[in-house]
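Asker: The chain contents come next:
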Amino acid sequence: MSETKNIMIVGVGGQGTLLTSRILGGIILTAGYDVKLSEVHGMAQRGGSVVTFVRYGEKVSEPIVEEGQADVLIAFERLEALRYAHFLKPDGALIINDQRMDPITVVTGAAQYPENIIENLSKTYKVYSIDASAEALKLGNARVFNNIVLGLAAQHMDFSKEDWLKVIENTVPPKTIEINQKAFLVGLEYK
Amino acid sequence: MSEKKVMLGNEAIARGAYEAGVKVSSAYPGTPSTEISENLVKYPEVYCEWAPNEKVAMEVAIGASISGVRSMASMKHVGFNVAADPMYTVSYIGSNGGLVAVVADDPGMYSSQNEQDTRQICRAAQVPVLEPSDSQEAKDFMKLAFDLSEKYDTPIVLRTTTRLAHSQGLVALEDRVVPEDKPYERNIAKNVMMPGNAIKRHLVVEKRIKDMAEDANTLKVAETGFSKDIPLNRMEINDTKIGFITSGIPYTYVKEACPTASVLKLGLVHPIPKKLIEEFASKVETLYIFEELEPVIEEQVKAMGIKCIGKEAFTLQGEYSANLLREVVLKQDLNLNKPAEVPARPPLLCPGCPHRSVYTVLNKLKIHAAGDIGCYTLGAVAPLSVVDTTICMGASISSLHGMEMAKGKDYVKNWVAVIGDSTFMHTGVNSLMNMVYNQGTGTVIILDNSTTGMTGHQDHAATGKTLQGKVVPAINILGLCKSLGIEHVQEVNAFDIKKLEEVIKEEVARDAVSVIITKSPCALLKEVHFPNKCVPVPEKCKKCGMCLKPGCPALTKNEDGTISIDPTMCNGCGLCKNLCPFDAIETVEK
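In order, the protein sequence lines correspond to chains A and B.
Quick note on our numbering: the first sequence kicks off at 1 and runs consecutively.
Quick note on our numbering: the second sequence kicks off at 192 and runs consecutively.
The set of hints was computed from the structure by calculation and includes no laboratory data.
Check the hints yourself; a few may be wrong.
[What the hints assert, rightly or not] Listed below are several chain B residues computed to face chain A (Cβ distance under 7 Å; list not exhaustive):
no. : residue
1   : ASN272
2   : GLN359
3   : ALA363
4   : LYS446
5   : ALA571
6   : GLY599
The beta-carbon is built from N, C-alpha and C at its ideal position, and this holds for glycine as well.
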């Protein structure tokens, strides 16, 4: 791989984007690449819009993914997918968790939650969406939705299923390994 | 080959300090510097502590240095203002054991109240500054900082930014090497800064910075270890049409956007290596100075009579990027898709946050709050819109006092000061002393959630736990306030909105200083468990919207005017239930 790969994870503070970036970092190291990750801490984590950048390749220089550069954009929420879609390369993959979380500006009536986000984004980008929360509930644990989304994103990356499962095993709390691996496979096998 | 690990910039800084043999570290949490202490404490060989504020932390480190061991303090940029007093003078004293302050700037203000540039303070204090570009350099430069501190008898600042502090990259680990403690010898002329001594020391400081500027042309990154022969200030001569002088994270943007350009990468950003800069400038056709925030390097280069382009092309604000270089320097049309126009998603108080409960009462009573620094600053945001002012740590109480002294005691009868427990211990208590001493009559609400919340749950002197998690006697905030001679001090459960309303009404009307301590732990603390969750009862709902007033993110309004409560978000604090006049929300066991 000569070019650096750029991945972004976006969502709402508290949705567990940091766990996803840890798993991603783990799998990249397993493959022996250089890697840089950049994340948001502090005030922005309190229910605000959050972004994590992951870059890997032979030698990575800057730690951020810039507009027009992302190969894969993983969005844990529809509105956040819309907010950051312009970071994608023209042929980049946009992975969307089909979930709506109203920001306070919508709750108070100061703004409207946009309609038909996924349909509209599909006109410009290659969109792959999943209702991961519903799928997670089927597994009996609403909190593992982010590994379902990651599984869907993994369809657009070049790492083996075995490596993914191994890294999940090494990253999540021991009691939750099985359910998180199951969740990941739901996403990986989703069509 | 040594072991390599992916490390956060802050984790790498802690590792560097550990490997350098640091023995004492003191800090006050502040984004983006907090994880330095949180990682350093994992090495039991190092004594680490949380101090009540950055001035105290710096002075602890200075004392340890004078005694002969390697020591450090870490803080965010605005914390450096608090620590500036000891820093300006320890610059005169110098170091015995290596003395390093890590200061984290926040270009783009991800979690700060201003965008100041630490290099400016360091220039004024004549303290040398190192600036790494990635996690590996963060570790290497930290080790170098201790060596330089001892070699030049000076404190050193390691400057980082949010992007470095919170980025992860590969770091090669090395062993810890503890240098022998320096002997302590009484040296009044050097360590007692009264005018007669300080006048002489000032000459030493000026000579030191001059010597260092000369040496900066040839300094190496490390005397030991794998990175031995890399120059600290490094010329990378490629295509000479364009040249950049840069440092820190912006260096990585240059390498990304202009990989064939020539670069002078500065590791030491104060004092700058003038000979190297002259040489580099003479080799390139167009010279750019690419530095985030203030034109610190640029102004010095221009003062040397060298033609260069800096802030006329690049902004003073926010973070830089490779795209900025592609557009401004390479004049590329990036042909980017336009960002969609979308509703903002500002940060919020969490579901179950006790501050929301207090602010709901203040909002109802139409009381203004002089605010402070912490999660509770978010009380300024709609729909709560309670916080009128936010300046710096501790300013809530003192600025409220200023209003009263300007306009009289009746003016502050619909005002309170709100301040968190950690911030109160930081500098709020001084302001309260002033209010008592100068006979103010303000009402102070201490939002005591038993932690430093915004930075991710650090303990402090009033939580009864140290950085190591050791249980120690907690300073009692109520007792502390009473000891100042304040008669009216009381604790109220933050979620008891009826009682809270009564108490606030009573205390703001009082012609004396009063303190209300609203007690309830942060909803995100591990030991906090709400047994219930809130569930709407749609058939009783009259669609009045009372429950939506506090702006809890778990609640949303349905199209028909009733509400939904997200069961994965609700912490079951019961605030919405208690506000509902029609019993249309109930709590059920989780």
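Asker: With 7 Å as the cut and Cβ atoms as the points, is ALA363 (chain B) at the interface with chain A?
Answerer: violated, 12 Å
Asker: Have a go at the ASN272 (chain B) hint: is there a Cβ in chain A nearer than 7 Å to its own Cβ?
Answerer: ASN272 (chain B) check fails; min Cβ-Cβ to chain A is 18 Å, beyond 7 Å.
Asker: Please verify that hint: GLN359 (chain B), Cβ, nearest Cβ of chain A, below 7 Å or not.
Answerer: holds, 4 Å
Asker: Verify the interface restraint on ALA571 (chain B): the C-beta must sit less than 7 Å from at least one C-beta of chain A.
Answerer: It is violated, given that the least Cβ distance between ALA571 (chain B) and chain A is near 12 Å, above 7 Å.
Asker: How about LYS446 (chain B): closest beta carbon in chain A under 7 Å, or not?
Answerer: holds, 4 Å
Asker: GLY599 (chain B) was flagged as interface toward chain A. Is the shortest Cβ-Cβ separation under 7 Å?
Answerer: Interface hint status for GLY599 (chain B): violated (35 Å vs cutoff 7 Å).
Comparing the model with each numbered hint stated earlier shows that hints 1, 3, 5 and 6 do not hold.
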